[in-house]
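Here the protein sequences line up with chains A and B, keeping their order. Residue 38 in the working numbering sits at position 38 of the first sequence, and the numbers go up by one each step. To convert a position in the second sequence, counted from 1, into the working numbering, add 186.
Think of the hints as simulated: they come from the structure by calculation, not from any bench. No experiment lies behind these values; they were computed from the predicted model shown. Glycine included, C-beta positions come from ideal geometry on N, C-alpha and C. Errors might be hidden in some of the hints.
To be verified - Pulled a few chain A residues facing chain B out of the computed Cβ check, cut under 7 angstroms:
1) 90
2) 125
3) 126
Unchecked claim - Label pairs and their in silico Cβ distance ranges:
4) A:58 with B:293: 32 to 38 angstroms
5) A:146 with B:456: 47 to 53 angstroms
6) A:143 with B:228: 48 to 54 angstroms
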Amino acid sequence: MEPRNSKKVLNAQGMRRALRRMASEIVERHGGAEGLAMVGIRTAGVFLAQRLARELEQMEGSSLETGIIDVTLYRDDLKRGRRHPLVQKTEIPFNVDDRKIILVDDVLFTGRTTRAALDALMDFGRPALVQLAVLVDRGHRELPIRADYVGISVHTEREESIIVHMEEMGLEDEVLLVRPQSAESP
Amino acid sequence: MDRVAQKGWWRKDLLGIQDLSREEIEIILDTAESFKEISTREIKKVPTLRGKTIVHLFYEPSTRTRTSFEIAAKRLSADAVNISVSTSSVVKGETLLDTARNLQAMELDVLVIRHAAAGTPHMLAEVLPASVINAGDGFREHPTQALLDMLTVRERRGTLEGLRLTIVGDIAHSRVARSNIYGFRTMGAKVRVVGPATMIPVGVEELGVEVFYDLKEGIREADVIMMLRIQKERLQGAFFPSEREYARFFGLTLEALKEARPDVLIMHPGPMNRGVEIAPEVADGPYSVILDQVTNGVAVRMAVLYLLTGGARIGVAH
Chain A
1 MEPRNSKKVL
11 NAQGMRRALR
21 RMASEIVERH
31 GGAEGLAMVG
41 IRTAGVFLAQ
51 RLARELEQME
61 GSSLETGIID
71 VTLYRDDLKR
81 GRRHPLVQKT
91 EIPFNVDDRK
101 IILVDDVLFT
111 GRTTRAALDA
121 LMDFGRPALV
131 QLAVLVDRGH
141 RELPIRADYV
151 GISVHTEREE
161 SIIVHMEEMG
171 LEDEVLLVRP
181 QSAESP
Chain B
187 MDRVAQKGWW
197 RKDLLGIQDL
207 SREEIEIILD
217 TAESFKEIST
227 REIKKVPTLR
237 GKTIVHLFYE
247 PSTRTRTSFE
257 IAAKRLSADA
267 VNISVSTSSV
277 VKGETLLDTA
287 RNLQAMELDV
297 LVIRHAAAGT
307 PHMLAEVLPA
317 SVINAGDGFR
327 EHPTQALLDM
337 LTVRERRGTL
347 EGLRLTIVGD
357 IAHSRVARSN
367 IYGFRTMGAK
377 VRVVGPATMI
387 PVGVEELGVE
397 VFYDLKEGIR
407 EADVIMMLRI
417 QKERLQGAFF
427 PSEREYARFF
437 GLTLEALKEA
447 RPDVLIMHPG
457 PMNRGVEIAP
467 EVADGPYSVI
477 LDQVTNGVAV
487 RMAVLYLLTG
497 GARIGVAH
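With these hints in hand, go ahead and build the complete structure from the sequences.
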């Protein structure tokens, strides 16, 4: 369902196509899926990493390892008096040394989450290479970070937000651009 | 915004289990579960509490608890300082409050305190802007021990709801027992206590526990047995005739264990008096989760440090 102040920028079919295209770009750049592993950033990034892994498996016929990163402990905005967000598990069930890691997130915005995820990943070892795959790039970077694979680029205002819904969350696959409530109500 | 309505953690201090809600205990245990993995990494450290200063102020001897707190602080990148009584100004006559104020003047963020007088951490939490963690106050509470015990049982059984816990030993002089009674009761477990009459405090039934004076009866059908250490240093009076006699009636042996459920878990907060309250075959046996307790201690203390440093005094506006 679409609230009044939001606009659908990607529907279920669009999301499927975007992920398939990203998967084929990954295969093309690496000449296959050999030595690759996907690491998703909680929460939506985890589901996207699993879907990309499935696409790659279908294309290449070999299975891909996936992991999960929770970046909370690496955030740069934890302060006293601002309740700390609850921490969920980080699970990287394989050795990252000399692996080619594709980090997956739903939305690339300021780049701060990616920075935190990179720091977290490095504490597990020394990957041969790390690339970034995002479903939505919405601009407004605050750090020198860019994505290697992008599902869709959306022009946004800073105060707008991008919301990614997925079947894995019990919702229909879609990406919404939401304007702040105050701008809508006269 | 109404804080109570929001799910999450707001407290600045951890003073006891008695005043924690079930939801708060669950938040700590869930957070601790997430933190466990950090200790298995190649680099066992996260940058979360970088630049935070934690002081461990112990007025009573402790190796295990202090070391566990110290490791927890370091895995979160905090700077931890240990002050033990013999080397501090206490011997020169400084009052506790003055010591605490001096520490605050050095901009500490967390004070972990163990003191023989019940209520000491509460008094300090009132006056200090820093977070205060009770690492044991007299016979009153030892909240992080109960939390790590609850985590250990929850890990093995999935839930504490409906489980039968039996605590055996010197209930009267045990802050570990008291904190665990509060915690396990809040989480929906049934709690029994067993010990010689001299070691069962009057009115303990009011905490919602059943009292037994016979070990085999007390552990019948138990899911979890928690053996308490006989605290030789505290027991100057004659609470029992001899260690040998205590071991005969209240020591947990393989023979006594037959009364409990076949998948019973055996716990001990350490350090153990082997052959007194617990037989070596039991301590090292397949039901023993004593070393899990130690591992979980670090994770629970990391979780508490993380949650409290984001907390604030209730009523303080932001």
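Could you see if the CB distance from residue 58 of chain A to residue 293 of chain B stays within 32 to 38 angstroms? The hinted range 32 to 38 angstroms is violated for residue 58 of chain A and residue 293 of chain B, with Cβ atoms some 57 angstroms apart.
Does the nearest C-beta of chain B fall within a distance shorter than 7 angstroms of the C-beta of residue 90 of chain A? holds, 6 angstroms
With 7 angstroms as the cut and Cβ atoms as the points, is residue 125 of chain A at the interface with chain B? holds, 5 angstroms
So does residue 146 of chain A sit 47 to 53 angstroms from residue 456 of chain B, Cβ to Cβ? Check passed, 52 angstroms falls within 47 to 53 angstroms.
Between the beta carbons of residue 143 of chain A and residue 228 of chain B, is the distance compatible with 48 to 54 angstroms? violated, 25 angstroms
Is the interface hint for residue 126 of chain A satisfied, with its Cβ closer than 7 angstroms to some Cβ of chain B? violated, 9 angstroms
Hints 3, 4, 6 from the list above are not met by this structure, while the remaining hints are.
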